[in-house]
Amino acid sequence: MTGEPPAAVIATPSPAPAPTTAAPQPTSPMPRLDCASLSEALAETAGGDRGHDPQEVAHLESCLRCRVEQFRYRHLMQALSRLRDTPVPTDPRLESQILVYLDRHGTRWAWDARPRLAAKVAAGAAAAAGLIAFTARHRRIAKLAS
Amino acid sequence: MTAASRGILRVVDSDAAEAERNADARSESQSAKDTAQLVELSKSGDREAFDRLVRVTHRDAYALALRLTGNAEDARDVVQDAYLRAYKGIDRFRGDAQFSTWLYRIVANCSNTHLSRRQRQRHDTLSIHTELIDTRPEHDPALQGDRAELRVRLDEAIRKLPERLRSVVVLRDVYDLPHEAIAAELGISVTAAKVRLHRARRRLREQVLPMPGEVPRP
Ligand SMILES: [Zn+2]
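Residue numbers (my numbering), protein chains in the order written: chain A, 1 to 146; chain B, 1001 to 1218.
Among the hints, a few may not be true.
DMTMM-like, lysine to aspartate or glutamate: derived pairs with alpha carbons at most 25 angstroms apart [claimed, not checked]:
#1 B/Lys1088 to B/Asp1146
#2 B/Lys1033 to A/Glu95
#3 B/Lys1033 to B/Asp1176
#4 B/Lys1194 to A/Glu56
#5 B/Lys1194 to A/Glu44
#6 B/Lys1043 to A/Asp34
#7 B/Lys1088 to B/Asp1074
#8 B/Lys1160 to B/Glu1040
#9 B/Lys1160 to A/Glu44
#10 B/Lys1194 to A/Glu40
#11 B/Lys1160 to B/Asp1146
#12 B/Lys1194 to A/Asp103
#13 B/Lys1043 to B/Asp1096
#14 B/Lys1033 to B/Glu1048
#15 B/Lys1160 to A/Asp103
#16 B/Lys1043 to B/Asp1060
#17 B/Lys1088 to A/Asp103
#18 B/Lys1033 to B/Glu1073
#19 B/Lys1033 to B/Asp1046
#20 B/Lys1033 to A/Asp85
#21 B/Lys1088 to B/Asp1046
#22 B/Lys1160 to A/Asp85
#23 B/Lys1088 to B/Glu1073
#24 B/Lys1088 to A/Glu95
#25 B/Lys1088 to B/Asp1077
#26 B/Lys1088 to B/Asp1155
#27 B/Lys1043 to B/Asp1091
#28 B/Lys1088 to B/Asp1034
#29 B/Lys1194 to A/Asp53
#30 B/Lys1043 to A/Glu44
#31 B/Lys1194 to A/Asp49
#32 B/Lys1194 to B/Glu1180
#33 B/Lys1088 to B/Asp1060
#34 B/Lys1160 to A/Glu61
Please keep in mind that the hints were generated in silico from the structure rather than gathered at the bench.
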């Protein structure tokens, strides 16, 4: 791997200088970020959902440690995106296991035909009940008439 | 070998590479067409077409399930459920998205349901793995090792992440699903999905590419 600063330099972070006075600093209106805050920002920006704000850029320009961390996040993101194309060991029986599972739980008959069948049964039952009621009424009328 | 013959060989090599790239692109677009056709046939109730969809997509779906669940048995259960759900819901699949993306979302949802049921058991397993990581010697792998080695370490680190972190980083950074889709399938807010993602990236970076003197957190 090239392009990384030597380890001796990496191991020496450049923390934000401690304020020596409570008075406001007219020459640097932005409070400086510390390495820990920038580290959080690096995890956020690694995927490219947002870019760095000016404060973060200023810190990165002045801090080798954080630039190294940024480099490692880039490396991590590239490795993650390559994983998708990496095959994993797959049981050769998996395909047939899925198909058997579908046969058992997901046939068209089970999910599509069943409601239609139930509707037919219900309609048949209703028709039979209607016929019985009609016959009974007809018999009662016949009885009254006689 | 003369400079001229080396030059000719380079041209031949680059032509062959170009031809291979074109062939790859053609076969990719052909397979996308085939998948779209199988989806249409499946929608019209052709079970055989759906079986063929399973044949061409199940390795990918299983790879995602394995990365989400961290073990083969859970991954198999998740994939079976996912295909059942896909089969029942194929009518709802609109052609504007890729079938693979639609299937990944179903796998993510099934995995989330499956793992929620087994949360307690998985927690115990993770505690054991974490102890194993802590005993590994310190090294600076960013400066050594090849891609294959990095991939092995990364796969291992992903497997050892807590489930809630693992699912977001796999779905976002490996499978490129949008934050909104991830949040919807995992039943969390987009903000929560992002917070988990950043935490997961940080843990992976610490485990796989630690800074000098950095102790990876469990
Ligand atoms: Zn810094």
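TODO: For the pair supplied as a hint, lysine 1160 of chain B and glutamate 61 of chain A, confirm whether the alpha-carbon distance does not exceed 25 angstroms.
DONE: violated (34 angstroms)
Open item on the list: With the threshold set at 25 angstroms, check whether the alpha-carbon distance from lysine 1194 of chain B to aspartate 53 of chain A stays at or below it.
Closed with: Roughly 18 angstroms separates the two Cα atoms, so the pair holds.
- [ ] For the pair supplied as a hint, lysine 1033 of chain B and aspartate 1046 of chain B, confirm whether the alpha-carbon distance does not exceed 25 angstroms.
- [x] Given that 25 angstroms is the threshold and the Cα spacing comes to 17 angstroms, the pair holds.
Open item on the list: Holds or violated: lysine 1043 of chain B and aspartate 1096 of chain B, Cα atoms, limit 25 angstroms.
Closed with: holds (15 angstroms)
Open item on the list: Given the hinted pair lysine 1160 of chain B and aspartate 1146 of chain B, is their Cα-Cα distance within 25 angstroms?
Closed with: holds (21 angstroms)
TODO: Sort out whether aspartate 1176 of chain B lies within 25 angstroms of lysine 1033 of chain B, counting only the CA atoms.
DONE: holds (22 angstroms)
Task: Hinted pair lysine 1033 of chain B and glutamate 1073 of chain B, Cα distance within 25 angstroms - done: Since the Cα atoms of lysine 1033 of chain B and glutamate 1073 of chain B sit roughly 32 angstroms apart, the hinted pair is violated (cutoff 25 angstroms).
Task: Agreement of lysine 1043 of chain B and glutamate 44 of chain A with the hint, judged by alpha carbon distance not exceeding 25 angstroms - done: violated (40 angstroms)
Task: Pair hint lysine 1088 of chain B and glutamate 1073 of chain B, alpha-carbon separation not exceeding 25 angstroms - done: holds (23 angstroms)
Task: Agreement of lysine 1033 of chain B and aspartate 85 of chain A with the hint, judged by alpha carbon distance not exceeding 25 angstroms - done: Satisfied, since the Cα-Cα distance of roughly 20 angstroms is no more than 25 angstroms.
Open item on the list: For lysine 1088 of chain B and aspartate 1060 of chain B, compute the direct alpha-carbon distance and say whether it is at most 25 angstroms.
Closed with: holds (20 angstroms)
Open item on the list: So if I understand the rule, the pair passes when the alpha-carbon distance is 25 angstroms or less; does lysine 1160 of chain B with glutamate 1040 of chain B pass?
Closed with: violated (39 angstroms)
Hints 1, 6, 8, 12, 15, 18, 26, 30 and 34, counting from the list given before, are not met by this structure.
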